[in-house]
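Asks: The residues making up each chain are set out below.
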Amino acid sequence: MTTHAKWGVEQMPNMSLNKIKMPEQLPDVRNKNFLEVALGYTEEMAKEEAQRCLQCKHKPCVQGCPVNVKIPEFIKLVAEGNFEEAYNKIRETNSLPAVCGRVCPQESQCEKYCVRANKGESVGIGRLERFTADWYIANGQYKVERAERINEKVAVVGSGPASLTCAGDLAKLGYDVTIFEAFHTPGGVLMYGIPEFRLPKALVQKEISVVKELGVEIKTNIVIGKTLSLEDLTDEGFEAVFIGSGAGLPNFMGIEGENLNGVYSSNEFLTRVNLMKAYKFPDCDTPVKIGKNVAVVGGGNVAMDAARSAKRLGAENVYIVYRRSEAEMPARLEEVHHAKEEGIIFKLLTNPTKILGTEDGWVKGIECVEMELGEPDASGRRSPVIKQGSEHVVDVQTVIIAIGQSPNPLIAATTPDLQTQKRGGIFVQEETGATSKKGIYAGGDAVTGAATVILAMGAGKKAAKAIDEFLRSKA
Amino acid sequence: MFKIVRKEALNPFVKLMEIEASYVAKKAEPGQFIILRVNEDGERIPLTIADYDREKGTITIIFQEVGKTTRLLGTLNAGDTLLDFVGPLGVASHFEGLKKVAVIGGGLGAAIAYPQAKKLHSLGVEVHSIAGFRNKDLVILEKEMNEVSDKVIIATDDGSNGNKGFVTDMLKKLIEDGNKYDLVIAIGPLIMMKVISNLTKQYGIKTVVSMNPVMIDGTGMCGGCRVTVGGKIKFACVDGPDFDGHLVDFDEAMRRQLMYKSEERQSLDDHTCKMGGGANA
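Protein sequences appear in the order of chains A and B.
Under numbering that gives the first Met the number 0, the letters of the first sequence match residues 0 to 474, in that order.
Under numbering that gives the first Met the number 0, the letters of the second sequence match residues 0 to 280, in that order.
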């Protein structure tokens, strides 16, 4: 055995083909509580996993990261046990490491390009990022160096991942940044959408507090498009605006029975449970109704979150009703795996046609048909066709519709010269996030419709750079 | 934090509060609403804007103490603060081209109908206000309605104010007496708005009702407030709260209103228990 020169220490890479397993709550325990499922690495586990990194010179993993985290560099620091510096290395380009380490689809991003994945599993980059962020939250001393102030005001609309990233990057450059949030708590989808058991809310608030430390001011309870218009922001002296208002418009299926009592949009269901903490009712005042049997319609991460939340709220049988097969499911493999472990029942190639109600208007069942996969459609996925004579009724009392969200139309509706695309997203130049209106930028789900946290962060980052260039060219 | 600058009891169950919220006051128009939260674990509840003062930067809300949150709100006094207060939400009422309008408020609905009457009056429209209450002790805003209306009719279910009957009876009489209304605005319990809408449909008088369904965010995000209007799903928070009374599916709305009845009861019992009192607490 020879020493591995790249490490700079007397150490050789850990050639194990598999990632160090991350401890988790047992499925039968966790499906009854809202505590985090994954428990995270210990220091020893993190160091051992970090040693699986080969420190490739060409850093293929970084090209898979929308915010370009300096992956080999931070992993090297973890391997050396220098967790504080590892954290600082991540923070150079990523404002929300504890969030990304948990909810990024690493398997289709950084880890997809990992050389180790050619034979065995990739390095557990996400798990290491999570470990590093958690270690810092527990042990680190936040010492944020504020940049020299530039006397120019930038407004950021919404406080989800796109907005927090954009605001953080601009504040690092010294701009005077104010975030306007419609809800009473900042965080956007990180607070109202993703459940506590996947992303603890205390961590989200901790990461937001670091963004505030950079000098960002957050004003809650202000709905841009209602309380203030974009024009008002200009009048108040904001020289540029970033719109990161998210995908706040629930899609319904347009089938009979969608207004019966017991039918929720995933947005409503998750907001009640997460932001309003309905799982603590009656200690918290907002209730949520959950039947003995629950059908969640859809196959994305939001559907998995809703199904797993319903199970935790005491539903006996929770069904995922999805019209294509498992291979086409947009949800992350890990989420599907966790859902199955927790006892969620997958009704695949099944499409709802009608929600049935009792005489007094409560859900009593969902009528479905079975599907077969036909020819690939425009998205390349094989489109499902109805199997004759396959109508059947699933006995449920709650239906949660999780078939996607569209961009919130409130701002576009009150800003006549802001161009939108066919599906309602704000029209932007992809490289800069510039909208059709000078000085107004946008990014995240407000542009793309519901996508991922990390893509939104990437868009926020690009827009921050473009806003900086715009304001410099103006000066 | 949003400071309560004035509190008044309008009747034993209905209270008025004037709250400092300058951003909201700057934009508020009749027909719009706010969402407030009293404390950290509290619910977000929507309340219609009863009045606004742009110069003072205040919004007036009027509420009936029916559930846990409104009871809790009722225990606060001038000088106390609310944790959250957001608005103005919803679409403002439209009043273009009107000459003569009947504005009808049932119970607490009178508080929501009043700002509409006031605005119409300021635009030079002839306003007939009709307000209905269970008995004379529950009558609210009589003086205010008189100030902004060409005619005011107050009816009580038990006749204790000397005018027995429902608001529908009063409206019917006015129409049959030859009053030609361009518009009827009806605000109150769903059943009242339904009955009024059925009546005005017979006479072909355009009718606007104000819906107040369950909602969380008030910005179109949750869809909990969906109402079927003319066979289409609308969100009361962003498409309303005003809708054409002849197109609203009131039966569905009444059913949806009962969705959390048992939880509301549980919350209230819990609260009443903690407050150390019974019905009079």
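By construction, these hints were calculated from the structure, which means they are not laboratory data.
There could be a bad hint or two in this list.
Mimicking DSSO-like on lysine-lysine, the simulated pairs with C-alpha atoms at most 30 Å apart in a straight line are [unchecked claim]:
id, chain 1, residue 1, chain 2, residue 2
1, B, 2, B, 142
2, A, 437, B, 25
3, A, 363, B, 55
4, A, 353, B, 233
5, B, 26, A, 152
6, B, 26, A, 205
7, A, 211, B, 14
8, A, 31, A, 291
9, B, 193, A, 353
10, A, 58, A, 142
11, B, 231, A, 363
12, B, 55, A, 218
13, A, 276, B, 260
14, A, 288, B, 233
15, A, 353, B, 231
16, B, 2, A, 279
17, B, 193, A, 291
18, A, 211, B, 2
19, A, 279, B, 260
20, A, 218, B, 2
21, A, 276, B, 98
22, A, 152, B, 260
23, A, 353, A, 339
Asks: Give me the numbers of the hints this structure contradicts, sorted from smallest to largest.
Replies: The structure breaks hints 3, 6, 7, 17, 21 and 22; every other hint is satisfied.
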